[in-house]
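One letter stands for each residue in the lines below.
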Amino acid sequence: MSCIDVIQTYGLRSIGLGERLLPRSDFTLCDQFVLIGSGMLWNLYFGIAALFFGFFASIALACARNVPNRFIRKPADWFIFVFRGSPLFIQFFLFYQAFTLLPREGLSLNLGIVTLTADTSWLTRAWAGALIVLFLNTTAYAGEIFYGALRSVPKGDLEAADAYGFSGWKKFRHITFPTMLRLGWPAYTNEAIFLFHATTLVYFSSFPARQQNGDALYYAKYFADKTFNPFIPYPILAMYFILLTLMVVMIYGAIYRRLNRHLPSNARRRLRPRIAMIR
Amino acid sequence: MFDFCADPALLDTFPWMACYLTTGKQMMFYESFLVVIALLAVTAPIALAVGFGGALARRSAIAPLRWFGIGYTSIVRGVPDIAFFLFVPLALDQGLEYVRHKVKCPDWDMPIRQGNDFVVCAAAKLPQSSAPAMVHDLYAIALAIAAYAFVFGAFAAFVLSGAMNAVPRAQLETAEAYGLSRRQITWRILVPQMWVYALPGLSNLWMVLIKATPLLFLLGITDIVYWARELGGMKTSAYAYAHGDWRLWYFLALLVFYLGMTKLSEIAFERLSQRLSRGQATLAGMSQAKS
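Chains A and B, in that order, are what the protein sequence lines are. Just so you know, we're using full-length UniProt numbering here: the first sequence kicks off at 1 and counts up by one. Just so you know, we're using full-length UniProt numbering here: the second sequence kicks off at 1 and counts up by one.
Note that these hints are calculated values from the structure, not bench results. Mixed in with the good hints, there may be bad ones.
[Unchecked claim] Below, a sample of chain A positions facing chain B; criterion: calculated Cβ distance under 10 Å:
1. Phe81
2. Gly85
3. Gln91
4. Ser206
5. Ala216
6. Pro235
7. Leu246
8. Met250
Cβ coordinates follow ideal geometry from the N, Cα and C atoms, glycine included.
Kindly generate the complete structure, drawing on both the sequences and the hints.
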């Protein structure tokens, strides 16, 4: 089988398209590159979706932590404490167990005349259940980052906004929010990189890989187990992830430059993912 | 454990729980918490030592050593840590067996990789197949510690090399003016001063290490995650203590354990940082001197 054939057969294997049977013997380099690359689709899906939804939620969370009202602030504090203080691996197990305890046939809401039935079985599937956990997790981490950034918005900027008669939503939209984003962005880039790395945990916690549709690490482990040779599949995986990390740094760097475009060019700082800041 | 535990089926809720929580299997579950804490206690100093070496390598005057230091730390950072937890134990095991094979069986003529198998002579196997089960367990744990040290050593090297760069230039230049050699500057000026700059990064790293311990489960070690799944699963009436699917509660207990661990560490690091910044030329040190 030539490499083009392998790509056609296994290129979309991780999402259930193409040949059902995984290669069982005589693994070629091409097999390993294509299948592990196909698994990267899941890592991309989980990472991009969780980051997209998590971005908005984390900004709301950061603002919630900043309000004087205790009934809003305390739950936000606790949310961040629980999700940042415990391992993601345990969170996956916990949520999976919680989702499986939901009634098999779905929740029924009896509204007197009609009965609404909500199907819940999809929550135990990785594409939804694991995404929810990753979303909550990244919301907590990014919420902490943006809260720190919100607290360090220069006082002078806010006073100037007051002097110009900005208030409420307008002040937030034009003054607080852009500054907060700019201050928090380097740390947020770091969080994005670590979130992509965290997506490899999904199929190693409780979430089952149905019909062997797994992510990149799932296939890398498959090859390492079958060939008993870790020195080929894991470096391939490493290569894919280093490429992904570089792409994240590039995209976030472009956004960072746009966020800083109004500053004089000598005051602009290049985005260097903060190395000492580990998740 | 208690005298009244003879027939659990007849007990009320409270004594039943007391008996259930003190069975032999439960005790093994509690012991596995100690394994986690022991692992942390062993891994942290090793990782710190590896990180120290890595940080010195990154600053080294010898170019190949410097490239090695930079390459090692960058690759570990760019790749998910779980990949290393799966890779390092297997690679290390095969590497050790390969070396022993070369030394112990020099006249072996078959290739080591035969298709999908890795074959070494019997004398080179690690641990020896005649060894007791205890040795096999310890070997697995040692490989796991090596994997943790490899990953966290790279992170620690980042933190420590950042801290070394944060030591004020003037301190090092003064030392040069006094005629200290490069080695003397490193050990007498740079290293004693860098710790206060390294502390925030190291405390963060310690938290990450705590949160990485459940990954031991992936290495096939009977740790807290293993026991939580094992004990929490539904037990039919064939068992002495029958109960439904309690895995949710077991994982909730693990979650609380980890929250406690991270909270305690946070408090401890806060104290340590106050202690370390005493007498330092930083804002924290100055404000302590005033009060």
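So which hints don't hold here, by number, going up? Of the numbered hints given earlier, the structure breaks just one, which is hint 8.
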